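These are the residues of each chain, in order.
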Amino acid sequence: ETGVTQTPRHLVMGMTNKKSLKCEQHLGHNAMYWYKQSAKKPLELMFVYNFKEQTENNSVPSRFSPECPNSSHLFLHLHTLQPEDSALYLCASSQPGGSVAGELFFGEGSRLTVL
Amino acid sequence: GESVGLHLPTLSVQEGDNSIINCAYSNSASDYFIWYKQESGKGPQFIIDIRSNMDKRQGQRVTVLLNKTVKHLSLQIAATQPGDSAVYFCAENPSGNTGKLIFGQGTTLQVKP
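Heads up: the protein sequence lines correspond to chains A and B, in order. Take the position in the first sequence, starting the count at 1, then add 967; the result is the number in our numbering. Take the position in the second sequence, starting the count at 1, then add 119; the result is the number in our numbering.
Chain B on its own, in the form it takes in the complex (with noise of 0.2 Å):
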């Protein structure tokens, strides 16, 4: 069946070091996925997102990396911020231009001071 699945439950990290947020998937017909952040009390917010034509895409302090032979997404943060604290999902759609997203468990981001 269709999963999407997150390494780590929660990651702490020192402030100013990166993160990096893994996931697998499994239904390699899914051609977009995104990365959210939730933070406590407030829903999913859109972060980055990266079609299956590509390897990798920056955004601000964030990047995205798709490897399709092994069907896994990362999600690297550069020097975490306080900020940074949340949880991250990370999602795939495998209907094409649809919302219907499926997503992962999530990782809890925790940034030391």
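Same shape as in the complex, but just chain A (with noise of 0.2 Å):
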């Protein structure tokens, strides 16, 4: 138990569909994280936010919308997407300041197939 909770697990979608990962951490972190883990490839990392506020987009397609309501709470809305978008995507928090720059707290994960 990392206190950074993904869901969900596994999704499974067709390119025209719309659907959205959730993250929710419960370390009181302040800033929130979507990273994509393709195969044979290094994490990369997609969005950050901190305090609430998008602070990188990391030349991310459009069909790729985060949201973040609050500190604890990160969604990434997902609509016509493609094949070569499957992958893990990793949720992840940190807290800006603190006494370990820079380290973060990764969630379990979403597996996403498009199909």
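Please note that the accuracy of each hint is not assured.
[Unchecked claim] With a straight-line Cα cutoff of 35 Å, these simulated DSBU-like cross-link-like pairs (lysine-lysine) come out:
#1 B:LYS161 <-> B:LYS175
#2 B:LYS175 <-> A:LYS989
#3 B:LYS175 <-> A:LYS1007
#4 B:LYS175 <-> B:LYS190
#5 B:LYS161 <-> A:LYS986
#6 A:LYS1008 <-> B:LYS161
#7 B:LYS161 <-> A:LYS1019
#8 B:LYS219 <-> A:LYS986
#9 A:LYS985 <-> A:LYS1007
#10 A:LYS985 <-> A:LYS1008
#11 B:LYS187 <-> B:LYS161
#12 A:LYS986 <-> A:LYS1007
#13 A:LYS986 <-> B:LYS175
#14 A:LYS1019 <-> A:LYS986
#15 A:LYS1007 <-> A:LYS1019
#16 B:LYS231 <-> A:LYS1008
#17 A:LYS1019 <-> A:LYS1008
#18 B:LYS231 <-> A:LYS1019
#19 B:LYS161 <-> A:LYS989
#20 B:LYS231 <-> A:LYS985
#21 B:LYS219 <-> B:LYS175
#22 A:LYS985 <-> B:LYS190
These are calculated hints, taken from the structure and not from any lab test. None of the values given here were measured: they were computed from a predicted structure.
Two chains, each in its own frame: build the complex with the hints.
This is the structure in structure tokens:
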């Protein structure tokens, strides 16, 4: 139990579907992140939110739409995805200015398959 | 550009032996480095970290070594156990006190009984 919970753990969707991934952290952190993990590739940072404000969009296509209603919750809305978007999507949180600079606490990921 | 890499995609060791996993980074400005362990079906978990003003840091059965001259990072695991089997990632933080980490590709550690 890392304190970061992601749902659903597995998702299969067609290219025309709309779905959302949810992340919730119980660590009292103020920064939340979405990372994409594809096979044979390093983890790729997608979005960063600090105190509910988006501070980073790492050139992510608009078919991925993040939402951060508060510091504990983060969503990733998915629309008209492509098969190459199939990957493990990892949510993480951290405490800016904390004693361990930059340490990320990850959830267990949502495994997405786009048909 | 910035990149963090690992020398070997897979490392196979005998149970009880020591393991050494290597990582090369390219950003000289990075001041903080982390090793993560990812078991099958789980998210990455923090193992140990080191700041750029140190060259060695020890944890429980793990040691991280940092050589800034050649931009090299290594993770040493003493008396490797079957539970150590996982993918290990190094990551660098080039941007100060934030979580915007740059990850390497990972080394899969296989422990033979």
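Hint check results:
no.	hint	result
1	B:LYS161 <-> B:LYS175	holds (28 Å)
2	B:LYS175 <-> A:LYS989	violated (38 Å)
3	B:LYS175 <-> A:LYS1007	holds (29 Å)
4	B:LYS175 <-> B:LYS190	holds (14 Å)
5	B:LYS161 <-> A:LYS986	holds (22 Å)
6	A:LYS1008 <-> B:LYS161	holds (17 Å)
7	B:LYS161 <-> A:LYS1019	holds (26 Å)
8	B:LYS219 <-> A:LYS986	holds (26 Å)
9	A:LYS985 <-> A:LYS1007	holds (27 Å)
10	A:LYS985 <-> A:LYS1008	holds (26 Å)
11	B:LYS187 <-> B:LYS161	holds (31 Å)
12	A:LYS986 <-> A:LYS1007	holds (25 Å)
13	A:LYS986 <-> B:LYS175	violated (45 Å)
14	A:LYS1019 <-> A:LYS986	holds (21 Å)
15	A:LYS1007 <-> A:LYS1019	holds (32 Å)
16	B:LYS231 <-> A:LYS1008	holds (26 Å)
17	A:LYS1019 <-> A:LYS1008	holds (29 Å)
18	B:LYS231 <-> A:LYS1019	violated (46 Å)
19	B:LYS161 <-> A:LYS989	holds (16 Å)
20	B:LYS231 <-> A:LYS985	violated (44 Å)
21	B:LYS219 <-> B:LYS175	holds (23 Å)
22	A:LYS985 <-> B:LYS190	violated (44 Å)
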